[in-house]
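Peer 1: Chains as they are written, first to last, in this note's numbering: chain A, 114 to 372; chain B, 114 to 372; chain C, -3 to 273; chain D, -3 to 273.
Careful: at least some of the hints might be erroneous.
[Said to hold, decoys possible] Here are the simulated DSBU-like cross-link-like pairs (lysine-lysine), alpha carbons at most 35 Å apart as the crow flies:
#, chain 1, residue 1, chain 2, residue 2
1, D, K63, D, K128
2, B, K329, C, K63
3, B, K329, C, K128
4, D, K258, D, K63
5, A, K329, D, K128
6, C, K128, B, K284
7, D, K258, A, K234
8, C, K63, C, K128
9, A, K284, D, K128
10, D, K63, D, K264
11, C, K258, B, K234
Calculated from the structure, these hints are not laboratory results.
The primary structure of each chain is shown beneath.
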Amino acid sequence: MTYTSAEMMTVAAARALSDRDICFAGIGLPSAACNLARLTHAPHIRLIYESGTLETRPDVLPLSIGDGELCETALTTVSIPEIFQYWLQGGRITIGFLSGAQVDRFGNLNTTAIGDYQNPKVRLPGSGRATEIATSCGQIFLIMRHSPRSFVEQLDFLTTLGHGQTGRERKDLGIETRGPTLLVTDLCTMRPDPETNEMAVASLHPGITREQVREKTGWEVRFGDTVDETPPPVSSELEVLRALHARTAQAHGVGVGSE
Amino acid sequence: MTYTSAEMMTVAAARALSDRDICFAGIGLPSAACNLARLTHAPHIRLIYESGTLETRPDVLPLSIGDGELCETALTTVSIPEIFQYWLQGGRITIGFLSGAQVDRFGNLNTTAIGDYQNPKVRLPGSGRATEIATSCGQIFLIMRHSPRSFVEQLDFLTTLGHGQTGRERKDLGIETRGPTLLVTDLCTMRPDPETNEMAVASLHPGITREQVREKTGWEVRFGDTVDETPPPVSSELEVLRALHARTAQAHGVGVGSE
Amino acid sequence: MEFLGLSEAVSRHVQDGDQVALEGFTHLIPFAAGHEIIRQGRRDLTLIRMTPDLLYDQMIGMGMARKLIFSWGGNPGVGSLHRLRDAVERGWPQPLEIVEHSHAGMANAYAAGAAGMPCAFFRGYRGSDLSKVNSDIRFVPCPFTGEELTCIPAIRPDVTIIHAQKADREGNVLIEGIMGIQKEAVLAARLAIATVEEIVDDFGPRSSNAVILPGWTLSAVSLAPRGAHPSYAHGYYARDNAFYIAWDTVSRERESFLAWMKEHVLHKVPQDRETVR
Amino acid sequence: MEFLGLSEAVSRHVQDGDQVALEGFTHLIPFAAGHEIIRQGRRDLTLIRMTPDLLYDQMIGMGMARKLIFSWGGNPGVGSLHRLRDAVERGWPQPLEIVEHSHAGMANAYAAGAAGMPCAFFRGYRGSDLSKVNSDIRFVPCPFTGEELTCIPAIRPDVTIIHAQKADREGNVLIEGIMGIQKEAVLAARLAIATVEEIVDDFGPRSSNAVILPGWTLSAVSLAPRGAHPSYAHGYYARDNAFYIAWDTVSRERESFLAWMKEHVLHKVPQDRETVR
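Sequences are here, hints too, so could you generate the full structure?
Peer 2: See the structure below:
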């Protein structure tokens, strides 16, 4: 069964989620991955959105973080201060999904500006929920498409902490959560090196070569001691995911983009 | 129409409330006064209890601060942190009612202990809501029965700030609310002296003499330049108040005491 | 979260020496759970509660508490807590250390605990002697205005116990009416037990903003019908005001208190079901 | 609180140079009120909003804003806000000063404003460059643990505007569904306006813990049916996702943007009733 790179990314991220996880899901691919996991191997996974919806079970993917569908299918919906104070800062979320316009080798993210902050070439949306998700969630999963323009040697602006510019900054700042433990791209999956916390290739998606990853990475990318092939999506996963997207397109009259 | 001293106190306090007030009402006499005002000259007065009930309109007086009646007749009921953070500290309450085991000439209150704090002769309930009501409400109405043991020269413990031990402590502490502006007793009403903030007799209840007030006050009590007679309760007030107490006794199977 | 009989929930999750918060602001006070703690004879507890009332009067009188953290200790609408006073004034049955706050202080400290903060900042205790007898009350300047703000440590109980109306089959717990500080007390604690009036298949139609604690925020849920008596459960039974008044007499003397506890608590079967589903 | 037509509510309570917060987190965004502000040509506004989206893109593009305080500025699920970008990147139609936070920062700052605090304390911005470009972000030690906590000023708008489902005859306002930050934004403001889908005699049966703003916390209540479109009102109408997608094209060029605003906002009659009761 053939599949797209987006489907490969979504499936790879979904598989990394367990039935016990409590996820802070963003819109776009993370939502697709979380809900795919919920509809396949992790029926009890809890999905929380920053709009205040606790344990939501959307039948279709949200186009925005505050879609009515999220509230209507939630256990309950709380206020924005409560979500950030009691639920996120309270340390109850095991997994947070993030992405950005730029990522560096330590999983730090830029969602603020390309170029100089005061005179940006491109003004990006900004932090939103990301800055505190990165430090309060048990661990962080990153999902981004590989390209030299987004996988950069040096961020223009560090919006959201990964492992910091030294790879050890979390410990130095007294942050006890793990930070980025997985980076899923359209070419491979990456995991932090146990020693240095630099994100290293853990598996290559079927048909992808190390050379392709090197070309698309703005720093000298490292590979883990063992690099497996990412198990491709199986038909059961693809059927559930495609049905989810079909329901979504019908409900919104449009496809679902990402932040 | 004859009346009791408790009725005189309740009516005197109720008359001091306006239709525009937002009151933090305690149980006992303050509740009776607030609800009497609501059922007579101040139909739009808003009553808030620390249990979280906003704009409650109880048909009977609560025996406790969290009676179901308060919730069932409220506009809505919020959490305890919200009541103290957004509603009290937020500066939305115009009048707070307080009383204590001891009061001094500046309207400071003791509800903590008689005797030494570490080895108290009598351990009292403590602050409860009082300490922050005294500083956050627009003004404070005190209701207490006159006696030399409770109207004292020196508090054993200052639980709740009135005008402070100097009479000027509120300003020194940067507190912008007015503090005690009225003290209603079973003998008289007292108001702070414009200069010194010492509580001075403003009116004597019908049939009460200055001598009686002096005997029952533990400090050398001052009298205002003009001391009127407190207008006695009128029959319409007494009828409403007695009907309220009758409904209350029937509902609780008991009378209503006070904190 | 697991569904446990009340006696097992208590024996599993409440240990000697624990900091224990049994919350419920007049409404939904977890009496059944507190009585089970008494029957199991836990000792050296630090009892935390905004309004220690009859339940804590009973636990203190039975000698289970080493320390009390509170903000108002009385019998609401009636008068004194005689067992609390006997412990503080005469050290019977044992001395009781007290850490004393205001309601605003306790409310902010629980909220800070729920939010994972080490301390709470608010405007409190100004001009009060409380800060002279409680070293946990500090004042720090606002970095922007210079105003002195109050700071006290967050409350983080070892275990919080609450009573609520309903749990569903996933152990989610629904609270209606006066919700007090229970949500914060549960979220601030390391372990949490909820006793409920009933366990339902589904909460059914409800406000989209209903006050619900997800099952995964709790350690155990136990069925305890009338588990809040003599306080009340909105929608189930009313407050037993006569009991609160009668308690003034029962608790006034040590002998009458002990006799009452023996008959009505110690010799009583835990108010639970061995199997709850 | 008074019931006012929307145009009168805005002319009475929104002045040039004000700090204005129009809140609503995806749900209940007060578009009708924002469009009325545009029609009345207010200038030099400081716009405050966690998620400046299409409405603030329109107000910024029409040159009403001097400054923006925000935490996420995009078209949710679609992409950029082209008018916001044009103002920040090229100063069109005028330069826009920005003060940038995270969602957690804005949420805590509004809550602090509602609580009458001068500032908010939380755990935030750790390891982020945001504290290098926003001097309002300070770090202060916890007096008990020494941990560095984050402190930012409270948000206190001159006027907050929200949209809600219902008001009753006393001007009490009921919010259902995703309530976002609206309650805090109203309680933090000096003045507040609520536009509503409908005004009812009585809210009728409801949860005892329903999210309701008492009329006395508001300056004005205005009837504005579909006043949140193209966002949505839970129980009334769904989000117009097609509009959010179409906006990407409409707003991309200055000319197409101005033409659209002229036709759909400037030349439109205010969406209000002259008499609302």
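Peer 1: Are the hints correct? Go through all of them and say.
Peer 2: Status of each hint after checking the structure:
1. D:K63 / D:K128: Satisfied, since the Cα-Cα distance of roughly 19 Å is no more than 35 Å.
2. B:K329 / C:K63: violated, 38 Å
3. B:K329 / C:K128: Holds. K329 (chain B) to K128 (chain C) sits at ~31 Å (cutoff 35 Å).
4. D:K258 / D:K63: Holds - the C-alpha atoms of K63 (chain D) and K258 (chain D) are around 23 Å apart, at most 35 Å.
5. A:K329 / D:K128: holds, 31 Å
6. C:K128 / B:K284: holds, 21 Å
7. D:K258 / A:K234: Status holds; Cα separation ~29 Å.
8. C:K63 / C:K128: holds, 19 Å
9. A:K284 / D:K128: holds, 20 Å
10. D:K63 / D:K264: Given pair K63 (chain D), K264 (chain D) holds - Cα atoms ~27 Å apart, limit 35 Å.
11. C:K258 / B:K234: holds, 29 Å
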